[in-house]
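Listed here are the chains, written in short residue letters.
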Amino acid sequence: MLARRIIPCLDCDLGVPGGRVVKGIEFKQIRYAGVPWELAGQYYQDGADEIVFLDITASSDRRETMTSVIKKTSLSVFVPLAVGGGISSLEQAREVFNAGADKVTVNTSALKRPDLISEIAGKYGNQAVVLAIDAKRRYSQEDGRTAVQTDEGPCWFECSYYGGREFTGVDAIAWAKKAVSLGAGEILLTSMDRDGTKLGFDIPLTAAVARTVRVPVIASGGCASAEHMLEVFQKTDASAALAASIFHFQECSISEVKEYLKENGVNVRI
Amino acid sequence: MKIAIVDYGMGNLFSIYNALEYVGGNPEIARDPRELAGAKGIVVPGVGAFGSCMNQLSRFSGPLLSCYQQGVPMLGICVGMQVLFQESEESPGVPGLGWIEGKVVRLPEGVMIPQMGWNSLSIKRPVEILDGICDGDMFYFVHSYYGDPRDRSVVAATTEHGVELTAAVVKDNLFATQFHPEKSGPKGLRLLENFVRSTRC
Numbered sequence: 003m004l005a006r007r008i009i010p011c012l013d014c015d016l017g018v019p020g021g022r023v024v025k026g027i028e029f030k031q032i033r034y035a036g037v038p039w040e041l042a043g044q045y046y047q048d049g050a051d052e053i054v055f056l057d058i059t060a061s062s063d064r065r066e067t068m069t070s071v072i073k074k075t076s077l078s079v080f081v082p083l084a085v086g087g088g089i090s091s092l093e094q095a096r097e098v099f100n101a102g103a104d105k106v107t108v109n110t111s112a113l114k115r116p117d118l119i120s121e122i123a124g125k126y127g128n129q130a131v132v133l134a135i136d137a138k139r140r141y142s143q144e145d146g147r148t149a150v151q152t153d154e155g156p157c158w159f160e161c162s163y164y165g166g167r168e169f170t171g172v173d174a175i176a177w178a179k180k181a182v183s184l185g186a187g188e189i190l191l192t193s194m195d196r197d198g199t200k201l202g203f204d205i206p207l208t209a210a211v212a213r214t215v216r217v218p219v220i221a222s223g224g225c226a227s228a229e230h231m232l233e234v235f236q237k238t239d240a241s242a243a244l245a246a247s248i249f250h251f252q253e254c255s256i257s258e259v260k261e262y263l264k265e266n267g268v269n270v271r272i
Numbered sequence: 131m132k133i134a135i136v137d138y139g140m141g142n143l144f145s146i147y148n149a150l151e152y153v154g155g156n157p158e159i160a161r162d163p164r165e166l167a168g169a170k171g172i173v174v175p176g177v178g179a180f181g182s183c184m185n186q187l188s189r190f191s192g193p194l195l196s197c198y199q200q201g202v203p204m205l206g207i208c209v210g211m212q213v214l215f216q217e218s219e220e221s222p223g224v225p226g227l228g229w230i231e232g233k234v235v236r237l238p239e240g241v242m243i244p245q246m247g248w249n250s251l252s253i254k255r256p257v258e259i260l261d262g263i264c265d266g267d268m269f270y271f272v273h274s275y276y277g278d279p280r281d282r283s284v285v286a287a288t289t290e291h292g293v294e295l296t297a298a299v300v301k302d303n304l305f306a307t308q309f310h311p312e313k314s315g316p317k318g319l320r321l322l323e324n325f326v327r328s329t330r331c
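Just so you know, the sequences run in chain order A and B.
One rule links them: number in the working numbering = place in the first sequence (from 1) + 2.
One rule links them: number in the working numbering = place in the second sequence (from 1) + 130.
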C-alpha cells in the first residue's frame with residue numbers, strides 16, 4: 003500500500019544571489035527562512051518524502067538561479083524534486099527537468115493555456131506534471147459551480163492565479179478534473195482561506211477534490227501541527243500533505259510528524 | 131572501476147549519476163555502445179514508453195548482452211527493468227531484450243495509475259544487493275506497468291498495488307528494480323552502494 007507523503011515546500015525568492023527560502027503569510031507578508039539547497043538537505047535527512055521548490059518571484063531572468071538550486075540540491079538529496087513558479091512553456095519545463103527536477107508544477111500558465119499540461123505530459127509523462135491550484139471559498143450561489151458543504155454553509159471554490167493576486171472565475175473542482183484529463187498526474191491543492199492561518203487544512207476542499215480525481219492530491223495551506231496532518235489523512239483521501247512554515251521555523255520536525263502519524267495508524271515511510 | 135550508465139536518450143540521468151557518485155561509485159555516462167567495453171558495472175535506466183525505450187536501446191543490445199554473458203554486474207531501473215522481459219502490453223509487437231522470460235503487464239483497474247509514491251517491499255530472495263534492506267522498507271515507484279516473470283524464482287522482492295507485483299528481479303549478475311533507488315532516500319542509496327560493491331569483486 004502506498005504511504006502517505008509528507009512534503010516540505012520551499013518558497014524561493016530568487017532575487018538575491020543563490021536564492022533564499024521565504025514564507026508568505028496569507029499570500030502577502032514575507033519572512034526569511036534559509037538557503038534553498040541547505041534547507042532541502044536538512045529536510046531530506048529528516049525524512050521528507052519529496053521536496054517542492056516554488057519560485058515566488060517567477061520571472062524568466064531568474065530561471066538560471068532556480069536551475070542552479072536544483073542542481074546543487076540533487077547532489078545530495080535523493081527523493082523526488084518538484085519545481086514550480088512561472089513555468090509557461092515546454093522549453094522552460096525542459097530546463098528544470100534537465101537540471102534534475104522530477105516534476106514541474108504549473109498554475110497560472112496552465113489556466114491561461116491548458117494545452118501546456120498535455121505538452122509537458124506528452125514529452126515527460128503524466129507523473130511529471132503537477133497542477134497547482136490556489137482555491138478560495140465563495141459562498142455565493144452560482145449556477146454551474148461545484149457546491150461543497152462546509153461548516154460555514156455551502157460554497158464553491160474559485161481558482162486564483164498570479165500567486166493569489168488575481169481571480170479567474172474558474173471552478174477549482176471542475177478545473178482539477180479537466181487538468182487530469184489533459185495529463186496532469188497530481189494536484190497540489192492550496193486553500194487560500196487557510197494558507198498562513200495555522201487553522202489546519204481545508205478538509206471539505208481536499209476531500210472534494212480527492213474524491214473527484216483519480217490522481218494523487220497534495221493537501222496544502224494552513225498546516226501548523228502534526229494533528230493537522232493526521233486530520234487531513236483521516237478525513238480525506240489526500241495522498242500527501244505539504245507544509246512550509248512549521249518545518250522552516252522548527253515548530254516541529256518531519257521525523258516527529260511522521261512518528262506521530264505512524265502511532266495513529268497512518269501508513270508513512272519512517 | 132567505472133560504472134557505465136547507458137544513455138540512450140530517455141530521460142535525464144542526473145539523479146542516478148549523482149546517487150552512484152554519492153555512494154562512492156565512479157559513474158560514467160555511455161552514449162556510445164563502444165563505451166560499455168571495460169565497464170565494471172552497467173546501469174540501464176529508463177523512463178517513458180516501453181516501445182520508444184526499446185527503439186532507442188536497440189543499438190546497445192548487442193554490447194549489453196555480451197557484458198551480461200561475461201558476468202558484468204548490471205542494474206536495470208524502472209523501464210530499464212521492463213525491457214529485460216520479452217514483451218510489454220504497453221507496446222504490442224515490440225520485442226524486449228528477452229533476458230527474462232515473461233511479459234510486462236498493466237496495473238489492474240481500480241488502483242491509482244500510475245502508481246506514484248512510496249511502497250514497501252516484501253523480500254523473496256535475500257540476495258547480496260538487498261543487504262541491509264528489510265521487509266517493509268519503502269522505495270519510490272512511478273509506473274503503470276510491471277514485469278511478470280514466468281519463472282518466479284527470479285523474483286527478488288514484491289510490492290502491493292492492487293496486486294502483488296514484481297518490485298525487483300535477480301538473475302545471475304543481473305539485478306533490476308521497478309522502483310527508483312536513486313529517488314528512494316537512504317535505503318535506495320544502500321542498494322546502490324551494494325551494487326557498487328559488487329562491481330569491485
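These are calculated hints, taken from the structure and not from any lab test.
Some hints could be false.
[Said to hold, decoys possible] Covered stretches of chain B, as calculated for chain A (at least 3 residues, CB under 8 Å):
{"id": "1", "segment": "148–160"}
{"id": "2", "segment": "244–254"}
{"id": "3", "segment": "268–282"}
{"id": "4", "segment": "304–314"}
[What the hints assert, rightly or not] Pulled from the structure, derived: some chain A residues nowhere near chain B, Cβ distances all over 12 Å:
{"id": "5", "residue": "G17"}
{"id": "6", "residue": "Y34"}
{"id": "7", "residue": "A50"}
{"id": "8", "residue": "S76"}
{"id": "9", "residue": "K125"}
{"id": "10", "residue": "R139"}
{"id": "11", "residue": "Q143"}
{"id": "12", "residue": "D145"}
{"id": "13", "residue": "R167"}
{"id": "14", "residue": "R216"}
{"id": "15", "residue": "Q252"}
[As the list claims (entries may be wrong)] Computed from the model, here is a short list of chain B residues facing chain A with C-beta under 10 Å:
{"id": "16", "residue": "D137"}
{"id": "17", "residue": "N142"}
{"id": "18", "residue": "F144"}
{"id": "19", "residue": "G168"}
{"id": "20", "residue": "G181"}
{"id": "21", "residue": "G201"}
{"id": "22", "residue": "V202"}
{"id": "23", "residue": "T288"}
{"id": "24", "residue": "H291"}
{"id": "25", "residue": "K317"}
{"id": "26", "residue": "G318"}
{"id": "27", "residue": "L319"}
C-beta atoms are modelled at their ideal positions from N, C-alpha and C, and glycine is treated no differently.
Comparing the hints with the structure gives:
no. : hint    : in the structure
1   : 148–160 : holds (count 3)
2   : 244–254 : holds (count 7)
3   : 268–282 : holds (count 3)
4   : 304–314 : holds (count 3)
5   : G17     : holds (26 Å)
6   : Y34     : holds (28 Å)
7   : A50     : violated (9 Å)
8   : S76     : violated (6 Å)
9   : K125    : violated (9 Å)
10  : R139    : holds (27 Å)
11  : Q143    : holds (34 Å)
12  : D145    : holds (32 Å)
13  : R167    : holds (31 Å)
14  : R216    : violated (6 Å)
15  : Q252    : holds (22 Å)
16  : D137    : violated (13 Å)
17  : N142    : holds (6 Å)
18  : F144    : holds (4 Å)
19  : G168    : violated (27 Å)
20  : G181    : violated (14 Å)
21  : G201    : violated (28 Å)
22  : V202    : violated (25 Å)
23  : T288    : violated (13 Å)
24  : H291    : holds (7 Å)
25  : K317    : holds (9 Å)
26  : G318    : holds (6 Å)
27  : L319    : holds (6 Å)
Of the numbered hints stated above, those contradicted by the structure are hints 7, 8, 9, 14, 16, 19, 20, 21, 22 and 23, listed in ascending order.
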